[in-house]
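J.: Chains A and B, in that order, are what the protein sequence lines are.
For the first sequence, position 36 matches number 36 in this note's numbering, and the numbering has no gaps at all.
For the second sequence, position 360 matches number 1360 in this note's numbering, and the numbering has no gaps at all.
Some hints could be false.
[To be verified] In silico DSSO-like cross-links for lysine-lysine, where the CA-CA straight-line distance does not exceed 27 angstroms:
1) B:LYS1167 <-> A:LYS245
2) A:LYS135 <-> B:LYS1321
3) B:LYS1321 <-> B:LYS1339
It is worth saying that the hints were derived from the structure and are not from the lab.
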Amino acid sequence: MKIAENFQELSERGEGALIVYVMAGDPSMSLTKKIVRALEVGGADMIELGLPFSDPIADGPTIQAASERALKAGMNPDLYFNMIRDIRRNTYIPLICLTYYNLVLHRGIGLFMKDCVENGINGIIIPDLPIEEAKQTISEANKNDVEFIPLIAPTSTEERMKIISSAAQGFIYLVSLLGVTGARAELSVTVKDMIGKVQRSTKREIPIAIGFGLSSPQHVRDAIISGANGAIVGSALVNIIASKKDDEEKMLHDVREFVAQLKEATIIS
Amino acid sequence: MYVNSYPKEGKFERYGGQFVPEVLMSALGELDSAYTKFRNDPGFRRELEVYLRDFAGRPTPLFFAEELSRKLGVKIYLKREDLVHGGAHKLNNTLGQALLAKRMGKKRIIAETGAGQHGLATAIAAVALGMKPEIYMGDEDIKRQMLNVFRMKLLGAKVHPVKSGSKTLKDAINEALRDWVTNVETTYYLLGSVVGPHPYPMIVRDFQRIIGKETKKQILEKEGRLPDALVACVGGGSNAIGMFYDFLDDDISMYGIEAGGEGVETGRHASPLVAGGEGVLHGALSYVLQDKYGQISATHSISAGLDYPGVGPEHSFLKTKKRVKYDCITDDEALDAFKLLTETEGIMPALESAHAVAYACKIAEAEKMGKDQIIVINISGRGDKDVMIVAEKTGMKL
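Could you put the whole structure together from the sequences, leaning on the hints where they help?
T.: Given below as structure tokens:
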């Protein structure tokens, strides 16, 4: 299913989208498949699956550690796409690849996008690829029917917002704060203003999802009430996975429960 | 043809660019416009000139190494960047950028460091200009370079140990970038080499150009002609580009020397230009050391300042243009050259610079250079910081 259609359907039901992030291969490939299952059953509307990179400059300590664990466990792009294919067999919600540019560039941008679409990835997020450098990536993504999801930051100028929102597909990933990924105690108070600015920057109907720092149902609710179409939660889930990695059953249970609470918070009406 | 022609739109043909999180894009734009504004501002230039002369000790001498010349059968000149305050060429850049930061109204300065020379030079420049620096340094490097850590602390710098990844320079840059992403509005990131996103490779090069400018003037005074060859070591590549830049349009040979570690064939080295491929690291497209998937590789060198899997994009460009020849020198060869220069000339080079000395000895022989031909070696830093490593590697007890 297309990401945009998914947002459309949710909005018709009066819900925001719950987008969750986990690192592929953390703590192991077989467990990631079960975790994805738990995320979907728990009520996630879309799943971002991180493909780990050795030098994740946009990530805080939680996801850095997850990257290191996943790489140590042997995760690589070949295994990643194999795993996506397995997951896709019984997962129906959109899957989004989140990775860093060098892995895309090194595989060959065209081949990477082809691997995405053939194995069941719907969208791609590359946090170290600003719009100026993204021309070829966007064109290859388009060719292969992979939606290119760009980021907008609190520091983005109006000029940049215009360019980014006109190129965005799927949704706009609005970074809620200055900083790297990681769970925070409070959601930035300026979120509402930022959403307004992004909406005014384009005439297109493109959904906006808020990410970075969201760690609780309250944050998710705040994001949706502020006018976002979706809320992204990553590090808080990665923390659960890391802290319960020796007790598989408890981990999957806690992940499912937490996601259910987060999903509940997206239903405003 | 090369001088003052690049970067164009932030790139050296295909190399360079800005591969950073969106949060930083406006800060890079702000830096670019501030630099464009101040680089030719007479007040800024005068202030920098005074600091370079009276505080850093410029111009540094160009020394004719008579004994070594006799030994090698070729004229060897040493550009004495080891005599710059702080013990390395790094201060040329940190003074320039710290002055820029001040004019931009940034109160907080952060920097990464490998061997500690850039961290030290940042701390020195910051103190001189009344700012408080914070330095990110890999945990491994902190162990290797305790003395520089202590120096930085004496200067009032806060040293943040970096415990992620390989715990070396590469990870210190990652962490400094993360700090900058978080504190972008108040903080100036003072990058120490010609790496990173545009405009850093250009800014750092411009502040290091003084090395080559002085060398050109000095060699014309002493010899009445340009040298036949220039040799400099390359980690990120700031001392090398500083030495090469004003000679790029002249008809002379240039050699950039990377760290060959235990030998390129062993895989334990830091020679991306010699043995790596194209990739994106720390915000720029350049040569990097990476595995078959594009994961950045661990590196090895006896010299912490060269122990880095990437290199400045302008070097990748000059390699592709075949304007500069890039080669490497092993740990052992560098150690021999360290001893050679110490014993023949009474000059103890940094292990980084010893790579350049070793290569100059090689080409003097291999290129069958005559006794009237001239090689200039950039002695980018002094070796005091390395004596513990030299003692350990050569089995000496202190």
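J.: With reference to the structure, classify each hint as holding or not holding.
T.: Checked hints:
Restraint check: the Cα-Cα separation between LYS1167 of chain B and LYS245 of chain A comes to about 25 angstroms, which is no more than 27 angstroms; the hinted pair holds. At most 27 angstroms may separate the alpha-carbon atoms for a hinted pair to count; LYS135 of chain A and LYS1321 of chain B meet this at roughly 25 angstroms. For the hint pairing LYS1321 of chain B with LYS1339 of chain B, the CA-to-CA distance comes to about 34 angstroms; that exceeds 27 angstroms, so the pair is violated.
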